[in-house]
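Protein chains: 2
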Amino acid sequence: MALLLLMPGRDMQGWKKNLLAVDGALDVRVWPDTGNLDEILMVVAWNQPPGSLALFPNLRCVASLGAGVDHILSDPALPPGVAVTRVVDAQLNRMMAEYVCLAVLHHYRSFGRYEEHKRERKWVQEPVPPAEGYHVGIMGMGVIGRTVARALQALEFRVLGWARTPKSLPGVRVFAGKQELDEFLSLSNVLVCLLPLTPETKDILNRHTFSLLPRGAYVINVARGAHLVEEDLLEMIRSGHLSGACLDVFREEPLPPDHPFWQEPSIMITPHVASITRPESVASQIVENYRRLLAGKPLLHQVDPRRGY
Amino acid sequence: MALLLLMPGRDMQGWKKNLLAVDGALDVRVWPDTGNLDEILMVVAWNQPPGSLALFPNLRCVASLGAGVDHILSDPALPPGVAVTRVVDAQLNRMMAEYVCLAVLHHYRSFGRYEEHKRERKWVQEPVPPAEGYHVGIMGMGVIGRTVARALQALEFRVLGWARTPKSLPGVRVFAGKQELDEFLSLSNVLVCLLPLTPETKDILNRHTFSLLPRGAYVINVARGAHLVEEDLLEMIRSGHLSGACLDVFREEPLPPDHPFWQEPSIMITPHVASITRPESVASQIVENYRRLLAGKPLLHQVDPRRGY
Chain Z
84 MALLLLMPGR DMQGWKKNLL AVDGALDVRV WPDTGNLDEI LMVVAWNQPP
134 GSLALFPNLR CVASLGAGVD HILSDPALPP GVAVTRVVDA QLNRMMAEYV
184 CLAVLHHYRS FGRYEEHKRE RKWVQEPVPP AEGYHVGIMG MGVIGRTVAR
234 ALQALEFRVL GWARTPKSLP GVRVFAGKQE LDEFLSLSNV LVCLLPLTPE
284 TKDILNRHTF SLLPRGAYVI NVARGAHLVE EDLLEMIRSG HLSGACLDVF
334 REEPLPPDHP FWQEPSIMIT PHVASITRPE SVASQIVENY RRLLAGKPLL
384 HQVDPRRGY
Chain D
84 MALLLLMPGR DMQGWKKNLL AVDGALDVRV WPDTGNLDEI LMVVAWNQPP
134 GSLALFPNLR CVASLGAGVD HILSDPALPP GVAVTRVVDA QLNRMMAEYV
184 CLAVLHHYRS FGRYEEHKRE RKWVQEPVPP AEGYHVGIMG MGVIGRTVAR
234 ALQALEFRVL GWARTPKSLP GVRVFAGKQE LDEFLSLSNV LVCLLPLTPE
284 TKDILNRHTF SLLPRGAYVI NVARGAHLVE EDLLEMIRSG HLSGACLDVF
334 REEPLPPDHP FWQEPSIMIT PHVASITRPE SVASQIVENY RRLLAGKPLL
384 HQVDPRRGY
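In order, the protein sequence lines correspond to chains Z and D.
Numbering follows this note's numbering, with no gaps: position 144 of the first sequence is 227.
Numbering follows this note's numbering, with no gaps: position 35 of the second sequence is 118.
For reference, chain Z alone in the conformation it holds in the complex (with noise of 0.2 angstroms):
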C-alpha cells in the first residue's frame, strides 16, 4: 500500500522528504516510478499527464496539491467513486489575502501610475476616492475568501461578498445566487474573484459581467483562467468601461509571449504565485488522509464532485 506524487515539474522529492519527515514508516512513491500500480491507494496530484489517473486499479482518493480541485474533477481518467480531497491551510489563506490586498491597494493608490510617472519623472499625484462608497466584492465567500475579506476590512476597505448559498461574515454583506450578483457586481468598484471553477462558474468574467461594474472598476482574477473570457476584459478596459486589472492566472499558462495582456498597460501580471501551497505546511494533512484512508475514516476537506468544490 502506497501513496504516489504525481506532480511532474513540482519538486517531488522535495514533497516526500516533507511527506516523510511526518511519518518514516510510509510507502511514498514519485511518479513515474510507480512500482506496482496495485499498491497505489492515494495520489497526490497536480498536472497529471492524460490518462494517469486510470492506472491505478486500486486508488481510492486523489488529493489536490492546492485549494481548487477542478484540475482533477474535469480529468476524464478519474475513476468513479475515487474520493477527492483539496488542501486546506492557513498558509495559503494567508498567501492569498497578502496578495489580494497588494493587489487592491496597488490599484486604489495607483501604485502603477506612480511607476509610470517615475519613467516620466513626473512628480503628480493622483487622487484617492473615498473609502465611503467605495467597495470590494469578493466572488467566492468559502474559507479563503473570508480569510480575505477579514484582511480587506482590518485595512478598513467596505467588503461585498456573493456566493452560491447565503453566509453570513461580521461586517460583510454577502449577495447569493444569480438573482443577486447583478445588485452586487452593481455596487462593486473592484471586483475579486477567488471561486472554485465549475462548469457554472465557467467564463463568470465576462462582458456582461463587466458591463454590471460601476465605471473605471477594477478586476483582480486570483482563481482560475478559464473564469475569465479574456478578449471581454480587453474590450472593456479599451472602452474605458474597467480601468485595469490585476491577474493571476491564465486561460494557458505560462502565458503565451505573444498574447495581447502583456501590452496592456494597466494590466498587472503575475505568473499564478498568489498564493503557493508549501510542502512544510500541508504534509501533516495529506499524511493525516492517508492513515484515515488506510482505517477506514472520513477524510478531510473532501470535495463534493457534484458541486464542484
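Just so you know, these hints were derived from the structure itself, not from any lab.
Pairs involving identical chains hold if they fit within one copy or between any two copies, as the list cannot separate such chains.
Derived pair list, reagent style DMTMM-like, types lysine to aspartate or glutamate, alpha-carbon separation capped at 20 angstroms:
1) LYS205 / GLU336
2) LYS205 / ASP341
3) LYS250 / ASP265
Computed from a predicted model, the values in this text were never measured in an experiment.
Given the structure of chain Z, go ahead and fit chain D onto it with the hints provided.
Just chain D now, with coordinates in the frame of chain Z:
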C-alpha cells in the same frame, strides 16, 4: 478675533468652506488677505512664507495642517510662547497604514520585479521569504506608528517597534532609546520610518543605520525627507546591501528632475501622498481648538516644543 489660513499652494478656499461648515459664525481669513494683523489669534500653517509667523502681534496658536510640526517649530519667525498643535485624525492614520502595507507587500511579493518581467514578457516566479523570522521594524510608535503596526499584524507580519521611550503594544516588541537601536535594526528586514523630524532624528537613515540592517533589507520613508541621507541610501543600494526603498518624502520636494533617485530601478517614488489631511475630516478639531483658545481652555494635540512632537 480671527483664524487665518496660511498654506500657500493648498486649496485654502476649500478649507475655509469646511471650517465655516462647522461654525458659520467664525471669522476665517485666507492668506494674503489677512485684514487687521492684530485680530489674528490662530494660524493654520503649511509651507508658510519666511517671516510670516512674526506678523501677528496677538498670535496665540499655530496649528499644523498635518501630523508633523517640524515646519513650524523650526521656523525662526515663530514667536516664543505661542502654542503649536498638530492634527490627530483616524483618516490620516488609515491612509498611512494603507500606504505602508502597500509598500511592504509591494516589496515582499515582488510586484516591482513582476512589472519588469512584464515589460520583457517573462513568466518567472519570484521567491517569497518565509514569514517566520521576517520582521517589519517601525521607527516611531506614536498614534500613527501604532495604527500601522496593527494593520501589518492583521496581514500576519511580525512587527517590531522603536521609540524614544519604552512603549507597549500587544504582539509588538518595542525597543527604546539609542541603546536598543542597533538590536532593533539588526532584526528589521523592512525598516519603516514614521518618526517626527527633530534635531535627534534628522539624518537618522544613514550609512551606519543601513549597515546594521540584515543584508537585502528594504527601506520605507514616509516621515520627512530630512530623515534620510540620500547619497547613503544610493550607496547601500548600489553595493547590494539594501534591496531597495519606497520613498514618499524627499530633501527637496518636488523631487528635482535631475535627482538620481528617478533612475534607480529599485527605488519606488511617490510624491508626498502617503497620508493627506482631508479638510472635511479635521475641520472640526481645528474649530474646537480655536474655541478652546478663546475660552482659555487646554488645547487638543498641543506639541511639546522641547521634545519636538
